[in-house]
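Protein chains in written order, with the working numbering: chain A, 1 to 534; chain B, 1 to 308.
FYI, nobody ran anything at the bench for these hints, they're computed from the structure.
Computed cross-link-like contacts, BS3-like style, restricted to lysine-lysine with a CA-CA straight-line distance of at most 27 Å:
#	chain 1	residue 1	chain 2	residue 2
1	B	LYS45	A	LYS343
2	A	LYS417	B	LYS48
3	B	LYS119	B	LYS100
4	B	LYS48	A	LYS527
5	A	LYS343	B	LYS48
6	B	LYS210	B	LYS305
7	B	LYS233	B	LYS289
8	B	LYS233	B	LYS213
9	B	LYS266	B	LYS289
10	B	LYS213	B	LYS305
11	B	LYS127	B	LYS116
One letter stands for each residue in the lines below.
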Amino acid sequence: METQNNQLNYIEDTQGRWGIFAWIFSTDHKRIGILYLISITTFFLLAALMGGLMRLELIAPGETIMDAQTYNGLFTVHGIIMIFLVVIPGLGAVFGNFFLPIMIGARDVAFPRLNLFSWWIYMAGAILAVYSQFAGDGPPDTGWTFYAPYSTESGTNVVAAVFAAFVLGFSSILTGLNFIVTIHRMRAPGMTWFKMPLFPWSLYATAWIQVLATPIVGITLMMIVAERLFQIGFFDPALGGDPILYQHLFWIYSHPAVYIMILPAMGVITEIIPTFAKKSIFGYKAIALSSVAIAAVGYFVWGHHMYTSGMSGTARWFFSFLTFIVAIPSAIKVFNWVATMYKGSIDARTPFLYAATFIFLFMIGGLTGLVLGSLATDVHVHDTSFVVAHFHYIIFGGMGFAFFAAIHYWWPKMFGKMYNERVANIAWLITFVGFNVLYFPLFVIGIQGMPRRYFDYLPEFHAGHLISTIGAFILLSGLFLMIINIYRAKKHVTPAGDNPWGGVTLEWQVPSPPPTLNFDEIPTITKSPYSFEK
Amino acid sequence: MTILQIFSGASNFVEGVDTAFVLIFGVSFFFLFGITAVMIYFIYKYHKSRNPVATQIEGSNTLEVIWTVIPLIIVLVMFYYGYKGYAVMREVPEDAITVKVISYMWDWDFEYENGKLSKDLYVPLNKAVKLELTSLDVIHSLYIPAFRVKEDAVPGVANYMWFIAQLEGSYDILCAEYCGLRHSYMEAQAIVVPEEEYLAWLADFDPEVKDPKGLEIMRANACMGCHSLDGAKLVGPSFKGIFGSERTVIVDGKTTTVVADEDYMKRAITDPNKEVVAGFQPNLMQSYKKIIAEEDINHIVDYLKTIE
Ligand SMILES: [Cu+2]
Ligand SMILES: [Cu+2]
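Start from the sequences, fold in the hints, and give me the full structure.
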């Protein structure tokens, strides 16, 4: 395809490398974004199938298709893959890599080789994670949280899995570092902080969490390994350690990790709504600063995972209080998104449908988070399927639906081809319905007292589990339809055009697919990023 | 009595907890439906077919302040009710009866003030009961949904919980912290009876008649999470009638039979993965060679001989 300026686009420009090497050795941020897209989609499908198998096992009480040990391994592996390989890198690694430089008017990230290296580390960690499932004494069965002392005693392949998470942490730290420097140093002339689009803003807040919080979990996981291999005794009381210490260290990272997933998701939604409402974002500064507020306060709420662990009374109310406070910046974003639709001229195409359902699902996730932040109610629903439903609404309904929104929004830009929009809308509806049928019943049985990570359950929870399993299969079919439809876009002959949605941020001003260097000439920025006035 | 009713009053905490639930859910549904309705209305009203040209609005500081302050007040009210419903859970009345909870993979033992042990938790009606939570191995969490109480049993940490049961009946006790293979089977009942009945039950116990020493050692080492005495197959084989019987075992991949004499049982405890009982997984049971003194292992074996 010919581009405006007769430059090769990034897909055609192999830079003299052959076949697959043109991808796995390329330092082009766009090619690296695609590498992550392929790897992350693969792992997502794998872990989603595991989720489907778990739901099938739970369709009826008693053993259905697998034994308890297999089930315990499955929910552990499902969690490890989804958290460390899919949602934590997720939007930042795929769309951040591809679009951050273009959206701020740069030719690449600050450290392109480091960027490629991050992907290689990611793959090394991923291979290790998959290896841990098949080698040694069976898949790890600790849950993705690796709680001590179970994790220091379990006879399964815990060390490999923990080490995989450790390696993956480096990839996350390096990507974060790269983005911070890129955003500080490489914005186009005239792009002041408050003229920067909001997806880059969210990546900026996220990157700081990645850099500051990830080392903590790295060290913690190494302590588990040291304890298993050398009986050091950090966490196991039998060796003189403290199991509660482990939980603190683990959640100091793993709560902020929730924001690593959700902040870029919010950034994506903030890009999509103005484009389809043909209207400037409402409350630009409020949205930008609320990302920073979430990142900052989000550091100090980890204890809400531990209300029943025997923490001191003071710590319990302190963490509860801050948890309620951190809800506010999220609420501010929701209000601003809805206000952006007011007096817009709305074109409800596929990305917008995903964005609107994101708001709905994210609200359910956030509001049920209040139940878990509140002390009295958390004591009852902590470690029940209520929690499982809550975080799937946030992570899957939030981050996942934002990912689907992003892929439908930016696909024509990335590959120059449009998918079939009718089929995309049908897949959206199936996915949305399946999602709710799958996860909503888990709230109900959670309130009734159904603990999580249960291979088997009491008969009164059967109806809820049955409905949930049916939802899982509706959801999976929606996902397959979506993916096949997007993939088939390549068959379309007519190019999607440079700006199919009428967006105004910089990525819509370069050709589709973008040329290797993104811009002929670096643009000078004079207007706010969402200025639709001609 | 397993399905939860809101405000059932099964324990003294139900009201405070359920009040917080009702408050948070009430406000949440209001915002969820309100915001969703407004959003759908906007999408309809300002669809490009009805409103071809958007009006550009950059924002409004007044609105930002309003939708920061109002939610802030609301969440602080929620925080308060959550705290209030919870604070009482940490204040144990002085006259509370103490029951020690011994949790282990994958069962509960309850030990009362006079030394009596039980598998289900007996509780007198309308009396404060304090549970002292201990664990012999990994973290468990004692959860009684109907009472709205839960607290982790952490090895090496002295955690507690308390409640007053206010309705007679039998309520599920579940383990809420994932603890391995049989986590979902780690259940018991909380049996609430009138006080006289409770006292009679408690007194039906002679502290002089001690359990055999071997059984106590096995309890203390959590053998009973995997082995039963009554023939039930758990993770490991049942000890019922084990002594002198013929066992089919797999040694280095070959199936043979041995007679379970004293020596065999000692080997099964000190080197359990050498001769693996057919139909069971190797590597689940660890070697107790360094954990239990030889003398105590002899006590165990003596006891095992008596189970018919
Ligand atoms: Cu958290
Ligand atoms: Cu347990």
